[in-house]
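**Q** Counting along the sequence shown from 1, when you hit position 5 you're at 5 in the working numbering, and nothing is skipped either side.
Hints listed in this document are in silico derivations from the structure and should not be mistaken for laboratory results.
Honestly, I wouldn't trust all of these hints.
[Unchecked claim] Here are the simulated distance ranges between beta carbons:
#1 Asn211 / Glu266: 39 to 49 Å
#2 Ser113 / Glu266: 16 to 26 Å
#3 Glu164 / Glu16: 40 to 50 Å
#4 Val93 / Thr55: 31 to 41 Å
No experiment lies behind these values; they were computed from the predicted model shown.
All C-beta atoms, glycine included, are put in the ideal place defined by N, C-alpha and C.
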Amino acid sequence: MGKEMAGATVKKMDVEKVWEAASIQEAMKWKKQFREDSTYIAGGTLLQLKREQGTPLPSNLIRLDQIPKLNEITQDEGMLHIGAYVSLAECEVNPIIRKFAPLLSEAVKDVASPAVRNRGSIGGNIAYRIGDTIPALLVLDADISWVIEDQLRTAKLWEYLQQEADPNAVLTTIHIKKQSSKKQMQYYQKVGRRESFIPSLVTVAIFCNWNEWDEVGDVRLAVAGGTTTPVRLKECEAYLSGKQLTEVHIWELVELVLAEFHPTSEPFVTKHYKQQVAANLIASKFMKYLGG
1 MGKEMAGATV
11 KKMDVEKVWE
21 AASIQEAMKW
31 KKQFREDSTY
41 IAGGTLLQLK
51 REQGTPLPSN
61 LIRLDQIPKL
71 NEITQDEGML
81 HIGAYVSLAE
91 CEVNPIIRKF
101 APLLSEAVKD
111 VASPAVRNRG
121 SIGGNIAYRI
131 GDTIPALLVL
141 DADISWVIED
151 QLRTAKLWEY
161 LQQEADPNAV
171 LTTIHIKKQS
181 SKKQMQYYQK
191 VGRRESFIPS
201 LVTVAIFCNW
211 NEWDEVGDVR
221 LAVAGGTTTP
231 VRLKECEAYL
241 SGKQLTEVHI
251 WELVELVLAE
261 FHPTSEPFVT
271 KHYKQQVAAN
281 LIASKFMKYL
291 GG
């Protein structure tokens with residue numbers, strides 16, 4: 001059974017009560033009871049960000065990080081299953097993730113400071129919608145599960161990001177297919193800004209493998225930048241698929257990235273700058289594959 005928590009944390013955050021849910025059903029019961037005067041919380045880093053941006057905190061916080069299975073990492077024959085409230089620090093060092101989804105471990109290293117990684121959860125990073133782990137998860141073709149109105153739903157992460165955020169939903173699990181030893185390239189690069197809650201200027205992630213004839217097989221490209229929601233570059237992926245790559249293809253890819261990636265401009269950082277950085281990073285990695 002869940003319980004009411006009190007103490008320094010409550011006082012510090014100027015809320016009336018913190019409720020520790022023992023199950024998803026209990027958490028959702030409290031959410032229905034308190035409605036807009038409540039929010040879910042795990043590590044608390046996203047809530048801290050909202051507070052620093054001037055968003056008033058509700059009176060009731062509903063803790064999710066102690067619910068069984070939501071903070072566990074498991075595997076079966078072909079898949080990894082990461083509980084949404086596993087800490088970012090654990091995602092960085094966990095041997096199962098490092099073996100079967102090393103790109104995620106690599107991406108987590110670039111999320112803010114060690115203190116934030118210790119507190120923040122992978123689910124919170126996804127809920128942020130512009131979290132640094134998202135491009136890596138997109139190219140790993142991750143699925144995400146969540147509960148809403150007592151129903152468990154699962155979708156591709158890219159599909160989930162296209163939906164409007166629902167404050168009543170509880171993220172439960174991230175599912176990632178285990179990576180094989182097939183000839184492949186995995187790449188993650190974040191440019192600029194490591195501060196705790198400031199988005200990167202540009203982030204790029206790549207997954208690509210090749211068949212025995214050196215033709216591109218599965219290929220996924222993801223980009224993000226500033227307050228722009230991370231996206232897959234599906235037109236670029238379609239262009240690369242099935243090709244035996246040459247330098248000509250890669251120069252054409254640069255133009256396709258510039259056309260498909262539409263980040264927002266920010267003070268001192270233009271949209272075109274972000275586009276060019278993303279295109280250059282992607283092209284450079286493929287050029288290295290060609291030996292250029």
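**Q** Each hint needs a verdict: does it hold in this structure or not?
**A** Tested hints:
1. Asn211 / Glu266: 39 to 49 Å: Distance hint for Asn211, Glu266 holds at roughly 41 Å.
2. Ser113 / Glu266: 16 to 26 Å: At 22 Å between Cβs, range holds.
3. Glu164 / Glu16: 40 to 50 Å: Because 28 Å falls outside the window, the suggested range is violated.
4. Val93 / Thr55: 31 to 41 Å: The hinted range 31 to 41 Å holds for Val93 and Thr55, with Cβ atoms some 32 Å apart.
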